[in-house]
Amino acid sequence: MTDHSVVLDQVSLVHGDGDETITALDSVGLEVDRGEIVAIVGPSGAGKSSLLAVAGGLLRPTSGTVRIGGVDLAGLNRRRLTELRRTRIGFVFQTNNLVPALNAVDQLRLPLTFGKVENPREPRKLLEEVGMEHKAKRRGHQLSGGERQRIGIARALVTRPQVLLVDEPTAALDRQRSQDIVALLAHETRAQGVATIMVTHDHDVLHHCDRVHEMIDGKLATPVSR
Amino acid sequence: MGSVVALIAILMVLLSGLSVGLVNDGVSGLQRMKATSFAFQEDVGKDAAFSRSVFDREAVGVWAEQDGVEQAAPFGNALVNGKTDRDVDIDLALFGIEPESFLAPEVAQGTALSGAPDEVVISATAAEEGVDVGDVITVEQTGAELRVVGVMGEQHTFGHVDVGYLPLRTWQEIRAGVREGDQVPDRVYEEITAVAVLGADVDLPAGDRAAGTKSLTTEESFGASPGYTAETSTLKLIQGFLYAISALVVGAFFTVLTIQRKQEISVMRALGASTAYLLRDSLIQSLILLVASAAVGVGAGLALGAAVSTTAMPFALEAGPIAVATVSLLVLGMVGAAVAVVRIVRVDPLTALGENR
Numbered sequence: 000m001t002d003h004s005v006v007l008d009q010v011s012l013v014h015g016d017g018d019e020t021i022t023a024l025d026s027v028g029l030e031v032d033r034g035e036i037v038a039i040v041g042p043s044g045a046g047k048s049s050l051l052a053v054a055g056g057l058l059r060p061t062s063g064t065v066r067i068g069g070v071d072l073a074g075l076n077r078r079r080l081t082e083l084r085r086t087r088i089g090f091v092f093q094t095n096n097l098v099p100a101l102n103a104v105d106q107l108r109l110p111l112t113f114g115k116v117e118n119p120r121e122p123r124k125l126l127e128e129v130g131m132e133h134k135a136k137r138r139g140h141q142l143s144g145g146e147r148q149r150i151g152i153a154r155a156l157v158t159r160p161q162v163l164l165v166d167e168p169t170a171a172l173d174r175q176r177s178q179d180i181v182a183l184l185a186h187e188t189r190a191q192g193v194a195t196i197m198v199t200h201d202h203d204v205l206h207h208c209d210r211v212h213e214m215i216d217g218k219l220a221t222p223v224s225r
Numbered sequence: 000m001g002s003v004v005a006l007i008a009i010l011m012v013l014l015s016g017l018s019v020g021l022v023n024d025g026v027s028g029l030q031r032m033k034a035t036s037f038a039f040q041e042d043v044g045k046d047a048a049f050s051r052s053v054f055d056r057e058a059v060g061v062w063a064e065q066d067g068v069e070q071a072a073p074f075g076n077a078l079v080n081g082k083t084d085r086d087v088d089i090d091l092a093l094f095g096i097e098p099e100s101f102l103a104p105e106v107a108q109g110t111a112l113s114g115a116p117d118e119v120v121i122s123a124t125a126a127e128e129g130v131d132v133g134d135v136i137t138v139e140q141t142g143a144e145l146r147v148v149g150v151m152g153e154q155h156t157f158g159h160v161d162v163g164y165l166p167l168r169t170w171q172e173i174r175a176g177v178r179e180g181d182q183v184p185d186r187v188y189e190e191i192t193a194v195a196v197l198g199a200d201v202d203l204p205a206g207d208r209a210a211g212t213k214s215l216t217t218e219e220s221f222g223a224s225p226g227y228t229a230e231t232s233t234l235k236l237i238q239g240f241l242y243a244i245s246a247l248v249v250g251a252f253f254t255v256l257t258i259q260r261k262q263e264i265s266v267m268r269a270l271g272a273s274t275a276y277l278l279r280d281s282l283i284q285s286l287i288l289l290v291a292s293a294a295v296g297v298g299a300g301l302a303l304g305a306a307v308s309t310t311a312m313p314f315a316l317e318a319g320p321i322a323v324a325t326v327s328l329l330v331l332g333m334v335g336a337a338v339a340v341v342r343i344v345r346v347d348p349l350t351a352l353g354e355n356r
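The listed protein sequences derive, respectively, from chains H and S. All residue numbers for the first sequence refer to numbering that gives the first Met the number 0, where the first residue is 0 and numbers rise by one. All residue numbers for the second sequence refer to numbering that gives the first Met the number 0, where the first residue is 0 and numbers rise by one.
Same shape as in the complex, but just chain H:
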């Protein structure tokens, strides 16, 4: 384990659902190092998104430890958690999560307006790197699903995060575009030395990943074959 990785140690997340309690995460342990892309697969409701939420500081675990770049999230108040998400974590969401009013290059500038970011990447250059420089002035509704996802990936990388948390990036894409998007994610992960956790249902893209874990009923299984 290095400082530049994400570490989940014995993480459990239990929440209420009416009269019942649901264990969304059950003693989950996961370490992801810099330059490594790890896929989490599993059926709906298995706890994949809960894992991303806990790793990204959006939910506090019921028990266990989450560390991002060596920082224990349990010791951070809400303001510091927000700051940590801004500076150390990049989120890639499902396809339609661009801000409708902004064009492509402004989508990348957006996270830089939230507060101070050390040594951010230049939005136009980054746009070029993800092959979208020719669509810099287009807004989300003027782009295809694959193009929107490329913008989303670039937006997540503009702050030079240590951790990239990716939620179903190919959910609305055809087979070829899915391959292209996950290949781009894997390339950026290795090129930028980011620790990437990707939640996906899409088994066809798993060969781009360094490890694949299956999640069932909140439990994370040991790496499975790709």
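In case anyone wonders, no lab produced these hints; they're calculated from the structure. One or more of the hints may lead you astray.
As the list claims (entries may be wrong) - With a cut-off of at most 20 Å between alpha-carbon atoms, the simulated SDA-like pairs for lysine to any residue come out as follows:
1) S:K261 x H:L101
2) H:K115 x S:A275
3) S:K261 x H:H140
4) H:K218 x H:T61
5) H:K115 x S:L277
6) S:K261 x S:D347
7) S:K261 x H:V98
8) S:K261 x H:R138
9) S:K261 x H:L109
10) H:K115 x S:T274
11) H:K115 x S:Y276
12) H:K124 x H:A190
13) H:K134 x H:R108
14) S:K82 x S:R146
15) S:K261 x H:P99
16) H:K115 x S:D280
What the hints assert, rightly or not - Here are some chain S residues pointing at chain H (derived, C-beta under 8 Å):
17) L197
18) G198
19) L270
20) P348
Said to hold, decoys possible - Calculated Cβ distances over 12 Å to all of chain H for the following chain S residues:
21) V187
22) K235
23) A275
24) L282
25) A351
Since the model is a prediction, treat every value here as computed from it, not as a measurement. Every residue gets a Cβ at the ideal spot worked out from N, C-alpha and C, and that includes glycine.
For this one, chain H is given, so just place chain S on it according to the hints.
Structure of chain S alone, referenced to chain H:
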């Protein structure tokens, strides 16, 4: 939403113009007098002071001796119907004054009152209705003939009627219904409506006690103009409701907008936007939208108002009231927006991750 705010701004400009127009029509004759207060008959009601007050002019001397009073002069008021020798019908609010007193009006055309009993100086608005210098107005109630010797430079109206200044003695005869050839009792020439007082720091209650009168400052006396209080309070009520409606409309719009932006806001929160950033961002958006919409609305309202100003409707566009109305619209709109965007605090960044957590 922008169009709704613009429409409200148009309505506000028009209401403001109507309000100022009604005030001008109602009391511009009083506003443009130099008097700082009027002393009326002691037991007369405030809302009918100008029409019902009658008392002896000896109170003028008492008032002139009061501390702080620079000048005091008798003042008479009566509403009459008249017709010129060129067959122009004209209603007049006759202001009876002593031509040498501080109440004497300045004229823009013709000459001022010289003291001759049949002279009258009329409002600029009466001239716009076709009455001119040299015309002779016959007062229908008494048959008295008044020669127009001058026209004032601005609108001077009282209770929506054009003001005509005339010598106090002539006014006293007309008020008493004296016709040519009638024997005029001496007491007629003792009666006045009010004592007009000029003085910056006058103890009005003390003066009233000494003179047996009831004083109103000039501004308070506006309420004694026929219909003034009813008209202005109605318009103020409408304006108040319009402000409240604008706050509600803007608040409702931003509530809907915030709900529509819930996903976008949750994404920004997940990406590291603080609550303060999101609130500031939303309020700036609200302000830009409000200012732009209000600017369009005020512009359209001014254009429409300029057209209305040329009609007989009492309407006047003045920068002050329009600025107050616009700022009020913006402030209340921002209050509505602020209440609405507080919902941002409750937007959960988890929403950005979809429903499968």
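- Query: Has the given pair, H:K124 with H:A190, been kept, meaning a C-alpha gap of at most 20 Å?
  - Reply: Roughly 15 Å separates the two Cα atoms, so the pair holds.
- Query: Given the hinted pair H:K115 and S:L277, is their alpha-carbon gap at most 20 Å?
  - Reply: Distance of about 15 Å is within 20 Å: holds.
- Item | 20 Å Cα cutoff - pair H:K115, S:T274 | Holds, at about 15 Å.
- Hinted pair S:K261 and H:R138, Cα distance within 20 Å: holds (19 Å)
- Query: Given the hint that S:K261 pairs with H:P99, does the C-alpha gap stay at or below 20 Å?
  - Reply: Holds. S:K261 to H:P99 sits at ~12 Å (cutoff 20 Å).
- Item | Restraint check for H:K115 with S:Y276, where alpha carbons must lie at most 20 Å apart | Between H:K115 and S:Y276 the Cα gap is close to 12 Å, so the pair holds against 20 Å.
- Message: Given the hinted pair H:K115 and S:D280, is their Cα-Cα distance within 20 Å?
- Response: holds (16 Å)
- Item | Beyond 12 Å from every chain H Cβ - status for S:A275 | violated (9 Å)
- Message: Is the claim that S:A351 lies outside the interface with chain H correct, judged by CB distances over 12 Å?
- Response: violated (6 Å)
- Message: Given the hinted pair S:K261 and H:V98, is their Cα-Cα distance within 20 Å?
- Response: Distance ~11 Å between S:K261 and H:V98 Cα, so the pair holds.
- Message: Checking hints one by one. Is S:P348 an interface residue toward chain H, by the C-beta closer than 8 Å rule?
- Response: Since the shortest Cβ distance to chain H is 5 Å, the answer is holds.
- Given the hinted pair H:K218 and H:T61, is their alpha-carbon gap at most 20 Å? Status holds; Cα separation ~15 Å.
Comparing the model with each numbered hint stated earlier shows that hints 17, 18, 23 and 25 do not hold.
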